[in-house]
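Keeping their order, the protein sequence lines are chains A and B. For the first sequence, our numbering assigns the number 54 to the initial residue and increments by one for each residue that follows. For the second sequence, our numbering assigns the number 45 to the initial residue and increments by one for each residue that follows.
Covered stretches of chain B (in silico footprint by chain A; criterion: 3 or more residues with CB under 8 Å from a CB of chain A, positions within the stretch not fixed):
hint, segment
1, 94–102
2, 118–125
3, 133–141
4, 144–151
It is worth saying that the hints were derived from the structure and are not from the lab. Ideal placement from N, C-alpha and C gives every residue a C-beta, glycine not left out.
What follows is the residue order along each chain.
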Amino acid sequence: MSTPANTVPASPLESQVTAPAVISASRRMYWSVRRELWEHRSIYIAPLAAAAVFLLAFLTALTLSPAHRHEPLDIPYEFAAALIMGTGFIVGIFYSLDALYGERRDRSILFWKSLPVSDLTTVLSKFAIPLVILPLLSFAIAVVTQFVILLLCSAVLPGSGLSVGTLGARMSFFHLSLMLLYHILTVHGLWYAPIYGWLLLVSAWAPRAPFIWAFLPPFVIWGVEKTAFRTSHFLGMLRYRLTGPEPSTTTARSGNLMEMMSALTPVQFFSTPGLWVGLAVAAIFLAAAARLRRYREPI
Amino acid sequence: MACIEARGLRKAFGTTIAVDGINLRVEEGRILGLIGPNGAGKTTALNAILGLTPYEGELKVLGRDPWTERDQLMRDACFIADVAVLPRWMRVRQALDYFAGVHPRFDRAKAEGFLAKTTIRLASKVRELSKGMVAQLHLALVMAIDAKLLVLDEPTLGLDILYRKQFYDSLLNDYFDRSRTIVVTTHQVEEIQDVLTDVMFINRGRIVFDCSMEEFESRYLEVMVHSEQIAAARALKPIHERQVFGRSILLFDRVERQQLAALGDVRTPGIADLFVAVLSNQSGAAQGGTR
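All chains, please: the whole structure from these sequences, using the hints.
Below you can see the structure in the form of structure tokens.
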């Protein structure tokens, strides 16, 4: 009833000697990042939606209330940028929390692990999303939004002497964009790196509810410190991490957000010890997350 | 070099021992069926082989340590861990792009050729496909990889008979050649009996039976014994006896076919029947093991 298995005809497949193509580490990284963008479309949809909502609101305001026409026109630029960057930051938080948890929950980790991509590459590609991709995307969307605002203003206020090249009296559009890029890459990328690192670590480890595991420990540490030592160093540390390095010069404290951001020169920023401590902590978190992923199985 | 070589492979989860000192050697070009009851340690053993779980003991897969070198191992080995691990959000075209992007031995044209024989469209998302189509897709992806070792853990679980048959047919006809090695676990033992070159039974974390299919067919015979000859048949020391429609079926190990032919109808047993026999001959505690 069963035929000798050895009589099964050998496959006619010519085992053609294909020279094993080498896939470079950067190519694996590129495709891993693209994969993240396929899966998490909110990475670009959310900032785009924020920009669209803003533009709609701005257009409505502009057409409905002509009385406001002579107010300083720099506020919407900054608000638009802040809104889009804030959206990007929130997306980054939720993304990081889900990145290494979701693949265990839906069992697809078994599929990803069947491919020749190391755990470290996977973790780094997921880290690249909040560190590089989201800031750059937010920047691009913010600049386009600001440009559209500028065009709208020029169209509505033809007599105000506002041209596309200038933004009020303060700075050129180009200068503004450059400052925004600087801010977004330094603060949202490098400065927040340990935050994303922590979230990725929790997402690699958490048996369930990564959100709670991410936010409960800081809360508990704060509470214990408060009751036991009556100090709040930890809270101060967190606040320092969230608000970014303070400009050492006080001259920039004019209340203007953009100017405050740019007050910290690259030299000052890169010589802030907090930056390097943060990056070292982020590296430790990521190494731990990569190591944990090796042990992790579907939930 | 053996494809898989394990010595004293052991894995415990707390106090539960899932794999209890397995010695295993799988040569290149074999199709090994790993058969065992639920919780026997099949999946744990396979996970160790694939670098998905840490273990004690010695283990080399294609000359590598799977736990520390999983990513390099996966250039030459691939696996289907379960029917439903393809990410549901993924489009078929994205899966092809991604494989082509990260796998040095993936042949995209070949995968598209396999998919063309199915009703799967490149623009479909995995969540839109039926369970059988997902299995077809996964198999198409895996078969387009020029790998030395393919591990299939319950690859057809939950599929209907047509898909199951098709699955093993294409595996044999379009994929297997003498230089590849396949390790497969399944509960539908009968369906893969003709496919295998070797069979291994695993129970309670140990390998309790291991032989090639050639040996299996020459050693084991099953006889439906005429009732008047039952005493004579029993004298030949069958390893197992069972009743079917009031008739006794006796399973013999290394007994001459001519000798048995006088007692009734002789045939080669199914792997499943031998499995039940081997397990029930184990210590009384192993009686619970059924397929």
